[in-house]
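Chemist: As you go down the protein sequences, you meet chains S and Y in turn. Numbering of the first sequence is given in my numbering, commencing with residue 1 and proceeding in unit increments. Numbering of the second sequence is given in my numbering, commencing with residue 75 and proceeding in unit increments.
In case anyone wonders, no lab produced these hints; they're calculated from the structure. Just so you know, even glycine gets a beta-carbon here, dropped at the ideal spot from N, CA and C. Just so you know, not all the hints are guaranteed correct.
To be verified - From the derived model, a few chain S residues whose C-beta atoms are all more than 12 Å from chain Y: (1) Val16; (2) Asp61; (3) Glu64; (4) Asp68.
Stated by the list, open to error - Here are the computed lysine to aspartate or glutamate pairs in the EDC-like style, where the Cα-Cα straight-line distance is at most 20 Å: (5) Lys41(S) to Asp220(Y); (6) Lys13(S) to Asp68(S); (7) Lys162(Y) to Asp220(Y); (8) Lys41(S) to Glu64(S); (9) Lys39(S) to Asp8(S); (10) Lys15(S) to Asp61(S); (11) Lys39(S) to Asp68(S); (12) Lys41(S) to Asp156(Y); (13) Lys209(Y) to Glu221(Y); (14) Lys39(S) to Asp156(Y); (15) Lys219(Y) to Asp122(Y); (16) Lys209(Y) to Asp220(Y); (17) Lys39(S) to Glu64(S); (18) Lys41(S) to Asp20(S); (19) Lys36(S) to Asp220(Y); (20) Lys36(S) to Glu213(Y); (21) Lys39(S) to Glu221(Y); (22) Lys13(S) to Asp156(Y); (23) Lys13(S) to Glu221(Y); (24) Lys39(S) to Asp101(Y); (25) Lys41(S) to Asp68(S); (26) Lys36(S) to Asp20(S); (27) Lys36(S) to Asp156(Y).
To be verified - In silico negatives: residues of chain S with every beta carbon more than 10 Å from chain Y: (28) Asp8; (29) Ala42; (30) Val43.
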Amino acid sequence: MSIRVNLDMMMVKRKVSAGDLAERVGITPANLSILKNNKAKAVRFTTLAALCRALQCQPGDILEYTDDGKDGEE
Amino acid sequence: MIWNRKKSILVTQILVGLLAAALLTMDIFGWKLCGYIVKKSLFLEGTDNAFLLLMMTLYSCSAFTALILVRMMQLLVNLRRDRVFVRKNVKLLKRISRSFLVITVICVCSAGYFIPSVAVAAAAAFLGAVVQVVKNVFESAIAMKDELDLTV
Numbered sequence: 001m002s003i004r005v006n007l008d009m010m011m012v013k014r015k016v017s018a019g020d021l022a023e024r025v026g027i028t029p030a031n032l033s034i035l036k037n038n039k040a041k042a043v044r045f046t047t048l049a050a051l052c053r054a055l056q057c058q059p060g061d062i063l064e065y066t067d068d069g070k071d072g073e074e
Numbered sequence: 075m076i077w078n079r080k081k082s083i084l085v086t087q088i089l090v091g092l093l094a095a096a097l098l099t100m101d102i103f104g105w106k107l108c109g110y111i112v113k114k115s116l117f118l119e120g121t122d123n124a125f126l127l128l129m130m131t132l133y134s135c136s137a138f139t140a141l142i143l144v145r146m147m148q149l150l151v152n153l154r155r156d157r158v159f160v161r162k163n164v165k166l167l168k169r170i171s172r173s174f175l176v177i178t179v180i181c182v183c184s185a186g187y188f189i190p191s192v193a194v195a196a197a198a199a200f201l202g203a204v205v206q207v208v209k210n211v212f213e214s215a216i217a218m219k220d221e222l223d224l225t226v
């Protein structure tokens, strides 16, 4: 079971580029890429709040829980 | 003089260098040391080829001690370059621990003809265990650092 971050859909809806979004949220493009590619191990609430503010959405719009058989903890 | 981390590492590097010099001196005069021990030691009375056996033990332990010192210096160089919690350092610590284990085994074997080797074996085993614990700490720290690095 894991949490997937679905940023691409919201970015297309709001017509926001990756560079713009990274700047608005206050993270580096590299970190945004880590989020988009589901490589992140954790997300700070401040980052999540900034993402929701920038994309005008709710956390549930960009976070999805999936039971894919992989345990997040090693 | 303001004391800081880099100076502390430098002092440790100098200490390792001095230990290397002491080891080299012991290697050069090892045959004399063995001869002296064979002459004076009550433990070696009646042991055939005592001198040869003692030389073999001394120089085999010395080789692994040299390896330990080289890896310690590599570890310190990494620390100076602010490369602390990296997998390379875990490998170095693992190798240092294994070298201590080999020295322990050599000394346990040599206890068959020279009982005081047991004391060296015990010291080497203890040091190997300490380094192994430090290796485990580094591994945990790397896992935590990776988690932190991937926290957005």
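Chemist: Each of the hints needs a verdict: does it hold here or not?
Modeler: Cross-check of the supplied hints:
| no. | hint | verdict |
| --- | --- | --- |
| 1 | Val16 | holds (17 Å) |
| 2 | Asp61 | holds (17 Å) |
| 3 | Glu64 | holds (16 Å) |
| 4 | Asp68 | holds (18 Å) |
| 5 | Lys41(S) to Asp220(Y) | holds (9 Å) |
| 6 | Lys13(S) to Asp68(S) | violated (27 Å) |
| 7 | Lys162(Y) to Asp220(Y) | holds (15 Å) |
| 8 | Lys41(S) to Glu64(S) | holds (14 Å) |
| 9 | Lys39(S) to Asp8(S) | holds (15 Å) |
| 10 | Lys15(S) to Asp61(S) | holds (16 Å) |
| 11 | Lys39(S) to Asp68(S) | holds (15 Å) |
| 12 | Lys41(S) to Asp156(Y) | violated (24 Å) |
| 13 | Lys209(Y) to Glu221(Y) | holds (19 Å) |
| 14 | Lys39(S) to Asp156(Y) | violated (25 Å) |
| 15 | Lys219(Y) to Asp122(Y) | violated (56 Å) |
| 16 | Lys209(Y) to Asp220(Y) | holds (16 Å) |
| 17 | Lys39(S) to Glu64(S) | holds (14 Å) |
| 18 | Lys41(S) to Asp20(S) | violated (23 Å) |
| 19 | Lys36(S) to Asp220(Y) | holds (18 Å) |
| 20 | Lys36(S) to Glu213(Y) | violated (28 Å) |
| 21 | Lys39(S) to Glu221(Y) | holds (10 Å) |
| 22 | Lys13(S) to Asp156(Y) | violated (43 Å) |
| 23 | Lys13(S) to Glu221(Y) | violated (31 Å) |
| 24 | Lys39(S) to Asp101(Y) | violated (52 Å) |
| 25 | Lys41(S) to Asp68(S) | holds (16 Å) |
| 26 | Lys36(S) to Asp20(S) | holds (14 Å) |
| 27 | Lys36(S) to Asp156(Y) | violated (30 Å) |
| 28 | Asp8 | holds (16 Å) |
| 29 | Ala42 | violated (4 Å) |
| 30 | Val43 | violated (5 Å) |
Consistency note: the structure conflicts with the earlier hints numbered 6, 12, 14, 15, 18, 20, 22, 23, 24, 27, 29 and 30.
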